[in-house]
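Q: Residue numbers (our numbering), protein chains in the order written: chain A, 1 to 320; chain B, 321 to 640; chain C, 641 to 897; chain D, 898 to 1154.
Be careful, since some hints might not be right.
[Claimed, not checked] Using 30 angstroms as the maximum straight-line C-alpha spacing, the simulated DSS-like pairs for lysine-lysine come out as follows: (1) Lys45/A / Lys765/C; (2) Lys1022/D / Lys1049/D; (3) Lys161/A / Lys324/B.
Think of the hints as simulated: they come from the structure by calculation, not from any bench.
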Amino acid sequence: MQNKLLELTAAAQQINSGASLAIGGFTSQRHPTALLRELIRQKRKDFVVYAHSAGSELDLLIGAGCVRRVEAAYLADGVLAPIAPNWRRFIESGELEFEDYSNAAMMARFTAGAMGLPFFPTLSMLGTDMLEQDGLSPESRERDPEAAVCKAVLMDCPFSKRKVVLVPAITTDFCLLHVQKASPAGLVRIEGQEFLDVQMALASRRVIVTCEELVDDEELRREPERNRIPSFAVHGVVHVPFGAHPHGVHNYYDYDPDHLILYNNSAETEDGLVRYLDRFVYGVEDQASYLNAVGGRVQLEALKAHSGFGYNPKLRRRVA
Amino acid sequence: MQNKLLELTAAAQQINSGASLAIGGFTSQRHPTALLRELIRQKRKDFVVYAHSAGSELDLLIGAGCVRRVEAAYLADGVLAPIAPNWRRFIESGELEFEDYSNAAMMARFTAGAMGLPFFPTLSMLGTDMLEQDGLSPESRERDPEAAVCKAVLMDCPFSKRKVVLVPAITTDFCLLHVQKASPAGLVRIEGQEFLDVQMALASRRVIVTCEELVDDEELRREPERNRIPSFAVHGVVHVPFGAHPHGVHNYYDYDPDHLILYNNSAETEDGLVRYLDRFVYGVEDQASYLNAVGGRVQLEALKAHSGFGYNPKLRRRVA
Amino acid sequence: MKILQHSTTEIMVVAAAREIADGEVVFAGTGLPILGAMLAQRMHAPNCDIVFEAGAVAPRMLHLPMSVGDSRTLFGAAQAAGLFDVFNYILQGGRVDVGFLGGAQIDRYGNLNSTALGPDYRHPKVRLPGSGGSADVSALSSRTVIIARHEKRRFPERVDYRTSPGWLVGGNSRERAGIPGGGPAAVVTTLGVIKYRPITREPYLASYHPGATPLNVKAETGFEIDCSEAVETSAPSNDELEILRRVVDPEGIFLRG
Amino acid sequence: MKILQHSTTEIMVVAAAREIADGEVVFAGTGLPILGAMLAQRMHAPNCDIVFEAGAVAPRMLHLPMSVGDSRTLFGAAQAAGLFDVFNYILQGGRVDVGFLGGAQIDRYGNLNSTALGPDYRHPKVRLPGSGGSADVSALSSRTVIIARHEKRRFPERVDYRTSPGWLVGGNSRERAGIPGGGPAAVVTTLGVIKYRPITREPYLASYHPGATPLNVKAETGFEIDCSEAVETSAPSNDELEILRRVVDPEGIFLRG
């Protein structure tokens, strides 16, 4: 049995500038943020990121100047950050290439990649400007070998005469996930909502998984119905407790409302963003220092999920 | 909360002659055979059955004269019945309409129905006679409102120029499943392989589930990651222990090699089939009498799954 | 008995909740839609099943989620799935009775914009988060209910970018575009409830909230709206307000947003 | 040490097992393919992962399954999935290194028939079970290994019905048809092992089993086959036979079929 265990720094070293990425999670949940901070520290550039509903994990990567293009459906952290601040600023200032799809369309695109299909059909996006207006110009699509030849194609179904939208497959160089449990051999256990992690992983050439807990392969084989990604599709496993902070991990800890608001407020200005990066990314050398910087044991304890809930029902979320 | 509990006879009464059916399970596993025997007793006719890899459950339905047309990939019970005998005889004598697809293509067709799509793309069946030769004549397709307008369509992908096969969606009137556990509100728990039960259920207008064990909704809500069919898509729940016999149910009991061979040998001739039907279908009034007829407590005890295996590791399968 | 006073947010949520019938499958977007669905479940629609695009299906939530991906959406859930199952099997599969949505802009025919403000999509004045599941819910639910603050700048004749399809340009234009679901049934705002005529899909004011008038609505609406049949919205009951404040959002996350 | 005698079934399974390299992902069809994969896992390929179309992924089977849907395929499995995941994500997703198949007829270019015998598909002389996953594995694995009893009637120039694509009509015809996977690498029979030339895809006899001769092979083959380079298959080792008989199929379900 292959041992796929890696240290966080070594995992980040595998991920080259210019790579295309899929990042697991959903808005404020289960993003591999520790790994993303390490990528920022290692000064990666020019990523193309495909996402459905991303949160501040991708916003931070954009703010740190690591991203060339985003194709996505949504960037926000719920009410804590109704518009992801760098996403907004970088697009308004023309510094970021972007393409808009709906969540169902991005889901369809990743699913096509996972299934080895060149496209996927959807009934969504009909009648919307997402089919009428492109974020990417035809020239930039031609220039960019990563980009699909066009955004979507409208077809008449040969069986029913209904209109169907075809969206192009996504296959990324890397998929980065954060999950509850993983084994050194690459078995992965997701608890709670799956989001789109399974399809993102299978649409990727290499999958790197950070996890809250490292467990035996045997333990995960005891309930094979709950394993949804074949271990032969997983290439690296990194043990990173609190690896999704400031986002939440079902059954482990809640999102951190204080930090998410601090992030959102900081990132609304360039200066604020620079100070945030200095304090929480460049100024900390590893995950342990980061956890100290965000409040250490006391703060983390306050986020811990309560048994039977999966989150902390006592968490104060209305931040003054 | 709606109570969807039904008796077996009442469940069968809902299923009208002429209906299109999807039947859960796979070759020798987890078919709703008790419900199918009740349909035969109730003299239903003219079913259109869509299947992937069916076993003697569908073969019996064909033999009893209940089926007008089958679209499927495979009918056999492994080495116990390498060719389903009625499937063979009815086709060779021209008494059954049929259409051949591969398992992946039937999976794709049910998936399209489950997803509300009129078709699904696949890279399979390219270069095969399944794309060249139709079982159904164009006239019989035209006559039959249930049939798709054509078997499959070859297209050039507009993004990649690759060849892609489009197969038409299946939506059935009824999906009949047999599962390990279900709740009166219609939550369903499948243990072991899912086969295609989830997609078949979601591609159907009405879903009737027979189960080994009736459990509380609360019990199934404790592990929501393992529930894969929304209860609002399930319309009837019937408690039928050993409801899949002679097929197996993972974690409950094994397939019955003696009975499967007895079936296969009987069904190889018309006379034998008539005798089998008299003895095991028409001659038994309910599931309890059936279980007595097939060997009662002693035989069922010998099939019971052992803990930690999901099947009976001591079962003698080489029948003299 | 003292009648409780309500805020404009509260009556909006209450009026939205009343659009849900018992036993329906409700797809709820982030924000006020969640409050509306949770309130309905505790009032007249105890058997409605709520579905969230991030993966929670038919939960019995105890605590208000801050977004549709929140772990709180999973409490007591019948299923913990993901985007794949929810969008493909439940939404596009035609199993959602009513989709609950918000939007930054909403136009005459109930089309929504949550992508970008300004005339040039590629160089917007304000870049918004994007569709998320909004376009999908708008296209694929049997009907939708939209919740929005009633301000003139948010209610233009035509949205700057059509993220989510309403009745498009009215008449049968939605059907002609091949959109399978049923379109907006109601827009619940801080001032009243807008509905649409059956054939023309022209908007009309169905009701105005206590304290508001048809004139207020006309003044805050950037398109022509027929107010001739409008009646006053029946005020939130004490029960509705109590449950909303004490059970659904005791922290005041959205109600005191 | 005494050298154990082997049956034609046994040498076929042993030769097939040797086609699996350690660490590969193997898709196994019902029957002898399962024996081959289980034997390989216990001999030279302990880290190969076996995949079954009914849903079992990477099991550590203790007991021989009678078909690919058997619960025995699940023992120690990494995943209990279903047709959807296995066909879409694993097979069509390009993750299967080698597919193991049988067939009632196999022709010159390794095309298989498991649908119907006779000239008229709609009115066949013998109706067979159908493709099952055979067409899919043949189209979508990186390579396939076919296991078949070597009899003239089973090895015609052209199959009556092409259920599963081999090299079609030779040359680059498979590629031209748009089939993504890599085609048959070997046909392991009761008499020997047939392989295919790189460009022309013409069959040739790579080896004949002990006790058989190239002449036997030619006599039992309905198409022309080049036997000029054939060598004798190395006999099954005692280890291979012991494991096959005592561990893989102690009941003799397939070996004494």
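Q: Please go over all the hints and tell whether each is borne out by the structure.
A: Structure-based check of each hint:
{"no.": "1", "hint": "Lys45/A / Lys765/C", "result": "27 angstroms, holds"}
{"no.": "2", "hint": "Lys1022/D / Lys1049/D", "result": "18 angstroms, holds"}
{"no.": "3", "hint": "Lys161/A / Lys324/B", "result": "37 angstroms, violated"}
Checked against the numbered hints above, the structure breaks only hint 3 and satisfies the rest.
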